[in-house]
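Asks: In case you want the letters, here they are:
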Amino acid sequence: MTPAAKADAAGQATPAPARFDAIVVGGGPAGLSAAYTLAAGGASVVVIERGDWPGSKNVMGGLVFSQPTSQVVPDFWKEAPLERPVTRREMWLTTGDSVLKAAYESTDFGAEPYNSFSVFRSRFDKWLAAQASAKGAVIITETLVEDLLWDGGKVIGVRTGRPDGDLEADVVILAEGVNPFLAEKAGMSQGVKAEAIAVAVKEVLALPKEKLEDRFSLGTDTGAAFEVVGEITGGIPGTGFIYTNRDTISIGVGVILKDMVDRAGAAYSLLERFKAQPQVRRLIDGAGRREYAAHLIPEGGYRSMPSLYGDGVLVAGDAAGMVNAVFSEGANLALLSGKMAAETVLQARGSGDYSRRTLGRYGDLVGRSIIMKDLKTFEGMTSLFSSHKHFFSLYPQLASAAVKEMLTVDSLTKADKMHLITKLARSQMPTRRLIKDLWDGWRAFS
Amino acid sequence: MNDRLPYDDRDWTPPKHDVTAQLGVVKFKPDDTAHLEIKDEQVCRERCRRKFCTHSCPAQVYRWEEEEKSISIAFEGCLECGTCRNGGCPYDNITMRYPRGGFGVQYRFG
Chain U
3 MTPAAKADAA GQATPAPARF DAIVVGGGPA GLSAAYTLAA GGASVVVIER
53 GDWPGSKNVM GGLVFSQPTS QVVPDFWKEA PLERPVTRRE MWLTTGDSVL
103 KAAYESTDFG AEPYNSFSVF RSRFDKWLAA QASAKGAVII TETLVEDLLW
153 DGGKVIGVRT GRPDGDLEAD VVILAEGVNP FLAEKAGMSQ GVKAEAIAVA
203 VKEVLALPKE KLEDRFSLGT DTGAAFEVVG EITGGIPGTG FIYTNRDTIS
253 IGVGVILKDM VDRAGAAYSL LERFKAQPQV RRLIDGAGRR EYAAHLIPEG
303 GYRSMPSLYG DGVLVAGDAA GMVNAVFSEG ANLALLSGKM AAETVLQARG
353 SGDYSRRTLG RYGDLVGRSI IMKDLKTFEG MTSLFSSHKH FFSLYPQLAS
403 AAVKEMLTVD SLTKADKMHL ITKLARSQMP TRRLIKDLWD GWRAFS
Chain F
206 MNDRLPYDDR DWTPPKHDVT AQLGVVKFKP DDTAHLEIKD EQVCRERCRR
256 KFCTHSCPAQ VYRWEEEEKS ISIAFEGCLE CGTCRNGGCP YDNITMRYPR
306 GGFGVQYRFG
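Chains U and F, in that order, are what the protein sequence lines are. Count along the first sequence from 1, add 2, and you get the number used in my numbering. Count along the second sequence from 1, add 205, and you get the number used in my numbering.
Errors might be hidden in some of the hints.
Unchecked claim - DSSO-like cross-link-like pairs, simulated, lysine-lysine; straight-line CA separation at most 30 angstroms: (1) LYS211(U) with LYS221(F); (2) LYS221(F) with LYS277(U); (3) LYS213(U) with LYS277(U); (4) LYS80(U) with LYS277(U); (5) LYS277(U) with LYS232(F).
Hints were generated in silico from the structure; no laboratory data involved. For clarity, every value in this text was computed on a predicted model and none was experimentally measured.
Construct the complete structure from the given sequences, taking the supplied hints into account.
Replies: Here you go:
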């Protein structure tokens with residue numbers, strides 16, 4: 003099917019040209035941001051999405067951050083399908099029976115321009131695609147891109163799974179997600195290493211709105227997001243998360259794939275363990291399962307990034323490993339990188355030169371942006387967590403034991419308790435080890 | 206086949222949890238052709254003791270059939286995450302492609 007025929011079938015008025023300025027592979031945050039920006043800039047662009055609609059294959063925790071999103075679509079919160087603005091963030095350290103919590107709450111986060119929203123990718127991305135479409139982008143769905151088309155060393159289009167499914171363009175933007183099949187084939191990506199990738203599973207659980215707001219101490223227009231570290235991941239580096247939606251709860255666990263496999267572990271078993279944590283069980287009690295999802299997160303950061311550009315080709319979003327694992331950010335970086343890829347293409351379009359040299363501007367833009375700067379800051383984190391697995395078990399345990407001791411009233415004096423805690427910490431973690439951990443942690447950040 | 210991984214030190218045991226109920230609420234549009242494939246069945250049979258994929262796959266697509274001494278693949282219930290191609294099989298013995306366009310998992314929430 004030709005793109006024009008497909009566009010007609012979808013009832014779109016835009017007459018699709020036989021050849022596009024740009025082809026975007028993948029209808030996720032990176033691809034749709036690129037398409038929106040390109041179309042708004044007057045370029046002809048087609049998004050090729052393998053699912054029935056952009057979003058139908060997409061999974062995220064997940065939060066959408068307001069500032070980077072409004073850089074692509076200003077004031078998106080007025081129309082986009084959002085769940086709740088996140089006004090409270092909580093960090094939980096768990097042991098088997100207890101939780102040590104740190105929380106931050108802000109009324110500012112509940113008012114324009116907001117900070118973040120809980121969303122469902124499937125709905126949000128469908129909406130974002132409609133915005134790109136309104137700007138003139140053509141969206142082709144149910145179509146898998148199977149290969150790139152080459153002319154010598156230059157990418158000149160894509161081969162799709164449809165009959166007569168070749169499509170040509172001046173440039174192809176690979177926004178294909180965490181499994182970068184095409185970028186791998188093109189030799190731009192070495193694939194993702196199991197040490198640097200997290201496997202996450204998530205459930206969407208339904209709870210009547212009033213009950214949810216009551217349990218989570220929320221108003222009608224506020225929401226909460228929880229990040230949970232400790233015994234729930236069974237000593238495997240990783241975290242649990244809970245996000246409140248309008249009348250559902252997103253709950254999941256993400257762990258480093260390699261460490262999970264080394265122990266023949268299973269992500270869904272960790273999620274069951276998380277859901278059984280007494281303090282979590284209370285929150286989700288009676289909530290019926292609406293969906294189960296699994297997704298990978300490229301957490302390798304700066305050290306795992308592929309080549310971002312080549313002759314006639316750019317890579318953006320998860321396909322380029324743009325995830326800040328420490329702060330659970332990814333979709334924001336995907337949006338920004340898609341926009342930068344589009345801006346680079348718009349500029350190349352002026353000169354008609356889509357060579358590696360010209361497209362290298364994308365590398366400069368990303369390099370100077372918050373994307374690369376943040377990824378550089380946390381460069382060593384993934385390997386640090388992998389080599390210091392006790393960060394996820396021993397420290398939460400010690401912190402929890404210390405607080406429990408201080409709060410338990412018995413015949414011991416507070417001085418005795420302090421002494422006991424110090425002794426416990428020393429026995430589990432010799433001073434030399436502690437100093438080394440601090441040093442390693444410091445080095446990973448700087 | 207004695208080049209076994211050091212942590213492949215125990216025989217297979219079935220997964221502790223079953224995800225049938227989880228998959229029951231997920232919408233799938235199954236293709237009639239498989240997009241997942243074991244590269245070399247001998248590796249599963251003789252080299253891999255723990256049958257890691259039967260645990261690592263979040264959709265329990267891979268099951269060890271003790272009688273047949275082989276892995277069966279319920280690709281219709283694949284969540285398309287890519288665990289199996291990124292270390293979920295530490296012997297790198299699984300080929301994963303995406304299902305054809307318009308087939309496979311269809312997330313309503315995502």
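Asks: Against each hint, give a clear statement of whether it holds in the structure.
Replies: These are the hints, each one checked on the structure:
{"no.": "1", "hint": "LYS211(U) with LYS221(F)", "in the structure": "violated, 33 angstroms"}
{"no.": "2", "hint": "LYS221(F) with LYS277(U)", "in the structure": "holds, 15 angstroms"}
{"no.": "3", "hint": "LYS213(U) with LYS277(U)", "in the structure": "holds, 18 angstroms"}
{"no.": "4", "hint": "LYS80(U) with LYS277(U)", "in the structure": "violated, 34 angstroms"}
{"no.": "5", "hint": "LYS277(U) with LYS232(F)", "in the structure": "holds, 23 angstroms"}
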